[in-house]
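*Asks:* Note that the protein sequences, when read in sequence, are chains A and B. Position one of the first sequence corresponds to residue 1 (the working numbering), numbered consecutively onward. Position one of the second sequence corresponds to residue 1 (the working numbering), numbered consecutively onward.
Keep in mind the hints are simulated off the structure, nothing from the lab. Mixed in with the good hints, there may be bad ones.
[Claimed, not checked] As a list, the in silico DSS-like pairs of lysine-lysine whose alpha-carbon atoms are at most 25 Å apart:
#1 LYS464/A to LYS420/A
#2 LYS464/A to LYS48/B
#3 LYS2/A to LYS48/B
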Amino acid sequence: MKRITEAAQLEARYDLVIIGAGPAGQSAAIAAAGLGIATLVVDENLAPGGQIHRGITTTPVTDRAVLGADYWRGLPIAQRFLASAVDYAAGAKLFSLLPAGDEPGRHAEIELGVSIAGQARPVFAGQVIVATGAMERPFPIPGWTLPGVLTAGAAQIALKAHGLVPQGRVVLAGTGPLLLLVAAQLRAAGATITAVLDTTPAANRAGAARHVIDFLRSPYLGKGLSLLAKARGGPRRIAGVTGLRAEGEDRLRAVTFTAGGAAQRIEADVLLLHQGVVPNTVISNAIGCAHRWDDRQLCWVPIRDEWLLSSVEGVAIAGDGGGIAGAECAAESGTLAAIGAAHRLGRIDAAERDRRAAPVRAALERLGRGRGFLDALYRPAAADRVPAEDSTIVCRCEEITAGQLREAVAGGATGPNQLKAFLRCGMGPCQGRLCNLTVTEIVAQARGITPEQAGTYRLRPPFKPVTVAEIASLPQTNAAVKAVVRY
Amino acid sequence: MFRRLPDSPAETLRFTFDGAALTARRGDTVASALLANGIASCRTTPAKGTPRGPYCLMGVCFECLVTIDGTGNRQGCLVALEEGMRVETQAGARRAVAP
Ligand code: FES
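So that you can see chain A by itself, here it is in the shape it has in the complex:
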């Protein structure tokens, strides 16, 4: 492991660049290093682990019972990763990725723009594995932008990475296994939880029933049972919650909702929202990978071949960024992507590749069983994905409401990209990360078409804001000048 703390330490070229150091990125790096491939791992976090194993080597939470066995499963991966022969740039920003091409001005290899500690450098790569993982699905309710409202994942990160627990009257709301897990972890860490508001639609059970056999044969069963055992005797849990809203002027004061036919109000200092996770497709979208709408997981997923290669040459997508399957599958898919890349780089022949991939594919098959059950059981309600109230903010950055979006569609905007021009939605600093799924579904609903037909924002580099000073710090090579001129 060579830690890269300054841009000047980067090599000009690597055989393989891996983006992200979660379970998929780390496993890809371990496999690639084992095959003697010159590899760079670029990660925006300060330590390895991604979000699921966030802070695994640095967490101040030493009592292992608090975060649980699934979290600590990340430690041996991180240890092997940190012992592997790769270059590792933590706290680094990847702001561009230009696919290789043969047209004039295009380099024959993939060109990446990396910035570390305010200094930017171009890096060339033969192959790239994007392992940028998942993010929480937007949960656009009235008041979700108020300070004091965070995602459940944020509270989990605060606990794992910083040993912080929310205090005051804490309410969790939404659906999905992570919501229950966070509630259990916060409770084990000593937080007082006022209530858990469960928005899981009761009708989901029927849909999940047809996946039950797979679920019973899957590793999820044991995890689910231990989670339910932990949740037992826990905080007040209210089922069948609809019409969730966060209230307050300049910060959260109360949560209101309907349950059992009655309107209810709970005073709250912290509201933690969660309704599942979705692939973070910012990079795959911005570099032009083909995506499809996954109706089971209600999100966009990049289209990949059996080696996890996207439609852009030399760019594979491993882990939850290619579709939600969880940490263990992510680690296996990272290994698979590295094996595929090794073959494309000419390190192993096809027979060797297939031999190495066979046990990985078997593990993926086994670990992936039961996912359909979870997807069906915790499918978020349509009303929690497409806000009924016109005044609900959808695009947090530019403060564009559901009503404005519907009005613009009625006025002739045909899809998300035109809505950008009409309203500036998706054009704030988050570049649509927090609104693109909602906007797609609003357009689809308003026009009576499928989400696939409605489409999504076309993103462009830079993937993250870069300063003029960072751009100016690029060395004055022809390639770098071209990179700047393009943007």
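Guided by the hints, dock chain B with the ligand onto chain A, whose structure is given.
*Replies:* Same frame as chain A, but now just chain B with the ligand:
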């Protein structure tokens, strides 16, 4: 808004937020340091000037944007807190030229 678990042995760091002297721990990000000090809001939006605070803590929402040592538009949840950092509320839109 958040409190620290008692078993955090890390070194104490001093920093300021809008001029107020505060402390946090090594290992904190700027965003977690603010939350641990009860600060829920760290910026106002360019569009309508409404207050916002850290929402995702994983680099996707950009609600944690703050000015750090004079540089605006920094994602507080991705920046490690350092001794003596000067953190300020990011009010409204960034100006192209420093005032
Ligand atoms: S809190 Fe969401 S990007 Fe920092």
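*Asks:* Each hint should be assessed against the structure and marked as holding or not.
*Replies:* Here is what the structure says about each hint:
Straight-line distance between C-alpha atoms of LYS464/A and LYS420/A comes to about 18 Å, which keeps the hinted pair within the 25 Å bound. The straight-line distance between the Cα atoms of LYS464/A and LYS48/B is roughly 23 Å, inside the 25 Å bound, and the hint therefore holds. Taken as a hint, the LYS2/A and LYS48/B pair is broken in the structure, with Cα atoms around 46 Å apart against an allowance of 25 Å.
Checked against the numbered hints above, the structure violates only hint 3.
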